[in-house]
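Colleague: Protein chains in written order, with this note's numbering: chain E, 1 to 278; chain W, 279 to 392.
It is possible that some hints are incorrect.
Unchecked claim - Listed next, the in silico DSSO-like pairs over lysine-lysine satisfying Cα-Cα at most 30 Å (straight line):
{"#": "1", "chain 1": "E", "residue 1": "K36", "chain 2": "W", "residue 2": "K298"}
{"#": "2", "chain 1": "E", "residue 1": "K112", "chain 2": "E", "residue 2": "K84"}
{"#": "3", "chain 1": "E", "residue 1": "K178", "chain 2": "E", "residue 2": "K206"}
{"#": "4", "chain 1": "W", "residue 1": "K355", "chain 2": "E", "residue 2": "K206"}
{"#": "5", "chain 1": "W", "residue 1": "K298", "chain 2": "E", "residue 2": "K178"}
{"#": "6", "chain 1": "E", "residue 1": "K178", "chain 2": "E", "residue 2": "K36"}
{"#": "7", "chain 1": "E", "residue 1": "K36", "chain 2": "W", "residue 2": "K355"}
{"#": "8", "chain 1": "E", "residue 1": "K84", "chain 2": "E", "residue 2": "K106"}
In case anyone wonders, no lab produced these hints; they're calculated from the structure. These figures come from a predicted structure and were not determined experimentally.
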Amino acid sequence: MCTTCGCGLTPPRPPSPGVERGETEPPIVPIGLHEKILAGNDRAARHNREHFLASGILSLNLMGSPGSGKTAVLEATARGARAKGWRLGAVSADLATDNDARRLEKAGIPSKAITTGQACHLDADLVHRSLHDVPWQDLDVFFIENVGNLVCPAIYDLGQAANVVVLSVTEGEDKPLKYPVMFKAADLVLLTKCDLVPHLDVDLAKVHDAIARVMPRPRVIEVSARSGSGIDAWIGWLDELRASVARPGAPRPHDHEHGSAHASGSHSHGHGGSGHEH
Amino acid sequence: MHEYSLVEALVTRVEEEARKRGALAVHRLSVRVGELSGVDPELFRTAYETFREGTICARAPLALASVPATWSCPACKRPIARGAILRCPACDAPARLDDGGDALTLDGIELEVP
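Isolated chain E (complex conformation):
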């Protein structure tokens, strides 16, 4: 686009190297870079991941629409995991207010709010900076509750062991088809508010079908934070994943360069379509 008037004309191309030109004109040199635009974020994410792995902490990036039930699931997790004796912690991101962090504190999860202002997603630097305010080294499971948004957070690796996408049954059966990037990045989908199913027209088979069309290794757990149903299965999933990062001397889930913007947890879990095999 022309920057002077906004018309569609492309400015004339400068001469390529080798093309005859006046002696005074400096040469134009093509430089091949082939670098990810998010390389800077990915470097910061690797740094976070090293911290988490070195301390044997399971870190999770919780994403989903506003109102999908991310905070409620964490409250239910605190209740359900009590018997495990896990030390839980969280950072909770919103454009404004620390309401979610206060809810989590009340539920027994030491939490810190990250207010992003106008930013629609968390990046690895924001998470890193928030770690200075959270006693994260003492934790067993660290939740990063992302900004409520099914678009932008999907492409930012934060250093998490796994991505969990929270989708509520009230959001529409075809939601995964509309937001394929988010579901492709997911290692697990938590289908929330399942206690509401009898009152809705939703067909859960259609939700599962939609997920299987955007997530190559679909893994879905149906839960209700309110009734507690399915929370045991979710905690079981966490427990399994935790074993892969918490055991001293255990093989580190990701010692290698990862091919996608996210990185998932362990070899026994799906890789959310990152397109490589271990």
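Model the placement of chain W on the given structure of chain E, informed by the hints.
Modeller: Coordinates of chain W only, in the frame set by chain E:
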């Protein structure tokens, strides 16, 4: 709207490369955007047009290559139909995204060097 923060990262990287090579100007940027990169090419372009003013990229047009997302079976290489279940109908293996489908890369730049 995360396109602005991506463009900011892009321009910062180009500035760094130009400085490193003592370039007088940047003449062109080539960027590849996969269909499943999470980036809308038109929004990205708009963000670039806005952001580049006053930077070393001010006069550098942006060449955007869009890559469609296609999936195939990692075992038998059979392509998976668009919109289908992401599992090979023949081998039952989970489908794999073909190269570039989620790319968001700075492929190259053209620099004017003294």
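Colleague: Give a verdict on every hint.
Modeller: Verification of the supplied hints:
1. E:K36 to W:K298: Judged against 30 Å, a Cα distance of about 19 Å means the pair holds.
2. E:K112 to E:K84: holds (23 Å)
3. E:K178 to E:K206: holds (14 Å)
4. W:K355 to E:K206: holds (28 Å)
5. W:K298 to E:K178: violated (42 Å)
6. E:K178 to E:K36: Holds, at about 25 Å.
7. E:K36 to W:K355: Holds - the C-alpha atoms of K355 (chain W) and K36 (chain E) are around 26 Å apart, at most 30 Å.
8. E:K84 to E:K106: holds (19 Å)
Checked against the numbered hints given earlier, the structure breaks only hint 5 and satisfies all the rest.
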